[in-house]
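Chains A and B, in that order, give the protein sequences.
One gets my numbering by counting positions in the first sequence from 1 and adding 85 to each.
One gets my numbering by counting positions in the second sequence from 1 and adding 22 to each.
Among these hints, one or two may not hold up.
[To be verified] Part of the chain B face toward chain A, derived, beta carbon under 7 Å:
hint : residue
1    : P59
2    : H151
3    : H156
4    : G158
5    : F283
6    : T295
FYI, nobody ran anything at the bench for these hints, they're computed from the structure.
Don't be surprised by glycine CBs; every beta carbon is placed ideally from N, CA and C.
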Amino acid sequence: MTVDPGRWYPIASSSDLPLRHVFHGQLWGREMAVWRADDGHVNVWENRCLHRGVRLSIGLNEGRELRCLYHGWRYANRTAGCTYIPAHPADAPARTICNNTYPAVEAHGLIWSALDPTEDFREHTLLAGADALTLRPIPVNAPLALVATHARNYRFSQTGAGDAEIRIMAEAEDFFELNASLSDTTATLLLFIQPVDAGRSILRGVLTASPDATMPILRHHNQAMSALRDRVEAEAAMLDAPEPIAVSFSPVDEELAQMPARARSGPKAELRVTVARKRDLATDIAGFRLEAVTGQLPTFQPGAHIDVHLPNGLSRQYSLTNAPGETDHYAIGVKREPKSRGGSACLHEIVQQGDVLAISAPRNNFPLRRDALNTILVAGGIGITPMLAMAQTLEAQSLPFELHCFAQSEAHLGFEEILGRLAGAVTTHLGLDPKATGRTLAEILKTRGEEEHLYICGPGPMLETARGIADRNGWPDDAVHFEYFKNTNEIDDSSAFEVALARSALTLQVPAGRTILEVLHENGVEMPSSCEQGACGTCLATVIDGDPDHQDVYLSPGERAAGKSIITCVSRCKSKRLVLDI
Amino acid sequence: MTQSCNDPVILNEWHPLTSIDEITQGLVHDTVLLEQPVSYAMDDAGALHVWHRTPAQPVHAPHDPAKAGNALPARSEHGYLWTCVGEPTEDLFPVPELLEADRQNVPTGVFGVNVSAGRAIENFLDMGHFPFVHTGILGEEPHTEVKEYDVEVSESRDEILATRCRFYQPKAALASEGGADVEYVYRVPHINCALLYKSSPGYEAEGRMDVIYMFLQPMTREWTRAHTGMCVIDLENSYQGIRYFQQVIFGQDKPILENQFPKQLPLDTRAETPIRADKSAIAYRRWLSRKGLTYGVIPAAA
């Protein structure tokens, strides 16, 4: 038996995918986990969690994500990328952890897939625009070739009665187009044979026209195909069992098997997206829906941001506001900064619906733990954007949280749709001056509940206030997570020092006026970066020796004090020599 | 599928067949070890006998292996009957706790499971699945974090040791209401046997721990019998209670294990995706690779 990886076959009926179910399909010996997300998208994945090989067909379809039953790893609708690893709640999973997927097309009550298609799925010409009727699939314990020799003699009639004349109008090794004519009427049946594995097949029939009364016809075919099955299986039982099809498993990414997380230099613009929709979300806030020009956008997690490269040459970071499983687009909200240096003004004024932009893949330096007993999200102004992604994630998992939104006014708040869905958990604090904001924050952060975690994003002064209050009220450092819009510290780049790269066996001089990151890039050392002003944390490096001079706003006081990490785009060194684990 | 096992690494190991408790004196018991039909019996004098059963020989038939010349070695250790179908090269690993006078060794049952022995050992070493598979017993969401722990392969004793393992358990002690972190130590002294040490309620101060063990009898590459037991300091719970507890736990693991794919343990580092929490499993796979094991595993491509 020759496996035809390039060919499309029906592998399930649409009716096999009721709400929140995962169906176990099989094609040429390969098992498939087939599931429909709440947005209607059908996913066909290799039936094995890449972590420990547990079948995903026993996993949980949570509507937006599929959860593995063994360790609770979550995989996103469409991308199959891992969005959360419960064993390491503080970490964002490596972007490349992704289950193997197969293509999926739903047409005429059937789900079609192929192991490695050589061309796009093409609908049968007789089914285009047809009011077709999909028959009940009939599994047969026999190889495809044997099923085909009997299927070509399949007999039926349009009404289920009478002795119709059967003509084979077209055929292939796994397909027959049969016409049944009786007096002056003709019914056309397309009969597909799905090769399950070496010794098993499934007959899947589609009538090109749906009769007025479907039940007698469905029953007629069910009986006729069951009889066909009996004949085929009787013959198959006389033959030797065929050799099973050897199933090979493709190895995971080498990088993933070793688990180093980072690589590649500089801000990246590896994706092209179209502005599918631009609209005003609030006073001075424009919302953008970005869709891939081709292919599938990579997986994101709550807290992730993208670099948007603008037509004027600038690059800016924006948090994704997407809910989990919303994997057909990226949503960002952009506030027009009164003192815009050309970033937000360009997005507001120049970029229009239909434009193509270059963006980076999402990067997550603000990961959300999901092992807290309660989560407090505090958003100031446009700092609401990462909080929306977080809140929708917590909501989808029924985890307790509260979202506090500080804004100038109702009109400045925006995002009514999402906030409306989260209403029960949202408190808005409108039009407060800095003093009143401080008092409100003091109230919110008065005491820390058991295993409670705090996430804050907003303007610098508000963050400073909130962090100060949390610290005074006994919130431990590792329970307070924050993200600054930008680094407002005045950077002192007057020092000069030496940087030794332990793993690369390289020693470089950083003169006054240049950053560690620049020197690394000039010398061909790969180091990813994004905001390049000490706010996002992308260019973090591990310090082995030396006394870092922290000038960023990304590291927490505890992390600063520990001296084990440094943000290379702004921070420097107080000692003469800094040894980094690069 | 009849296939023979010709991997000396596993053939020369001792493997358990049954707990001594469960042998009915005078009766012939039949089982399978590494694809080979094997029978055992305890004679009237209490001596243990193990022998190769030939296909022609009816099951449960009385037999004199000494006369027939098909005897296999039989030894009683740790409360179990062990045999070896190859050339035993090393002695069986010690479990000093089993010799302590104030402890009771409670065999908690044998479970057939349609998976390779290696997959079952890895599951035994794994803490990350507690909240999802043993919900409300050994773990509970949202307490899902696997904290850093240490793993070493002891050169002198040729065994894997995972220490400083801590995991949140909803009812950590009988006396306490709430949950707390429980400390575990895992030991893999044999390719198909693993033990875990868990703080014993009331004996924490003395540093004495309860011992839970799993000795595996690989019948074929993909079928394993798991002999489980507990060695507790004082029997506060009834014998039945302990057996019931272990049966619940294994009953929860079994459907997961039987849905692992491939069923044999892949040793190639790129076969699956390890995370930090899987340190002990990574060490176990490397250890098996170094030993050159080929039976019940998918060896790494050279």
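How the hints compare with the structure:
Taking 7 Å as the C-beta cut-off, the interface hint given for B:P59 is violated, the closest approach to chain A being about 24 Å. The beta carbon of B:H151 comes within 5 Å of a beta carbon in chain A, closer than 7 Å, and the hint placing it at the interface holds. Restraint check, B:H156 versus chain A: the minimum CB separation of about 11 Å is more than 7 Å; hint violated. At about 15 Å, the closest approach between the beta carbon of B:G158 and any beta carbon in chain A exceeds 7 Å, and the interface hint on this residue is violated.
Satisfaction of the interface hint for B:F283 is found here, the shortest Cβ-Cβ separation to chain A being roughly 5 Å, below the 7 Å cut-off. Interface hint at B:T295: satisfied, since its Cβ lies 5 Å from the closest Cβ of chain A, which is below the 7 Å cut-off.
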